[in-house]
Amino acid sequence: MVSIKEKEAPQIINRCIQKIDKISSYAQPDIQRINEGKIGVLYWHLDPKKPESKEELKKIREAGGYSYMDFLELGPGKVENYEEKLKNFYREHMHADEEIRYCLEGGGYFDVRDKGDSWIRIRIKEGDMIVLPAGIYHRFTLDTSNYVKLMRLFIGEPVWAAYNRPQDDHPARKGYVNNLMKHSEVSLGAY
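Read in order, the letters of the sequence shown are residues 132 to 322 in the working numbering.
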């Protein structure tokens, strides 16, 4: 019999949940469900190996005002405190600003909440670009490749502040919920 210290149990449970979640859904992003839910998530597929994708990315950046760009490689040996970073990304949270990610290599999953507070799993792999609206509850984990290289885009200087759930009184969350209520008949969806 294995003895688990009480303080270790949450970390072990979290790792088990991540492993179980990685096994599910290997399909393309569920664009229809994202659109039907009208949750404000935007999606594009831009093959990073094709020259025309650079021009499309430029148009998206200009239209969104995404003036700052950097890169994140996430995988064992690719980033300091890998396990801690992965755990933080997987904890359900929201941001005060949009989260814009373009997958250049590897893959992972963004889980977002629909209007009914159920999860929608969005698989991203090479060429997928996603924009999560400010205030949406979400989390991220790697797929079985255990590696991803992402281009991160920001409006102006980057802000990496994550606000763990619950944050229902946060101005960005209130704005997101109000936007959902006002525009529930309009699809904010994918391209």
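Read the hints as simulated data drawn from the structure, not as lab findings.
Remember, predicted model here, so these are calculated numbers, not experimental data.
All C-beta atoms, glycine included, are put in the ideal place defined by N, C-alpha and C.
Check each hint, because a few of them may be wrong.
For lysine-lysine, the following DSBU-like pairs were computed, each having C-alpha atoms within a straight-line distance of at most 30 angstroms [as the list claims (entries may be wrong)]:
id : residue 1 : residue 2
1  : K189      : K209
2  : K209      : K305
3  : K246      : K305
Derived DEER-like restraints, expressed as beta-carbon distance ranges [to be verified]:
id : residue 1 : residue 2 : range
4  : N212      : S276      : 13 to 23 angstroms
5  : V308      : R252      : 17 to 27 angstroms
6  : E193      : E214      : 33 to 43 angstroms
7  : E215      : K190      : 19 to 29 angstroms
Consistency of the hints with the structure:
no. : hint                              : in the structure
1   : K189 <-> K209                     : holds, 27 angstroms
2   : K209 <-> K305                     : violated, 36 angstroms
3   : K246 <-> K305                     : holds, 14 angstroms
4   : N212 <-> S276: 13 to 23 angstroms : holds, 20 angstroms
5   : V308 <-> R252: 17 to 27 angstroms : holds, 22 angstroms
6   : E193 <-> E214: 33 to 43 angstroms : holds, 37 angstroms
7   : E215 <-> K190: 19 to 29 angstroms : violated, 36 angstroms
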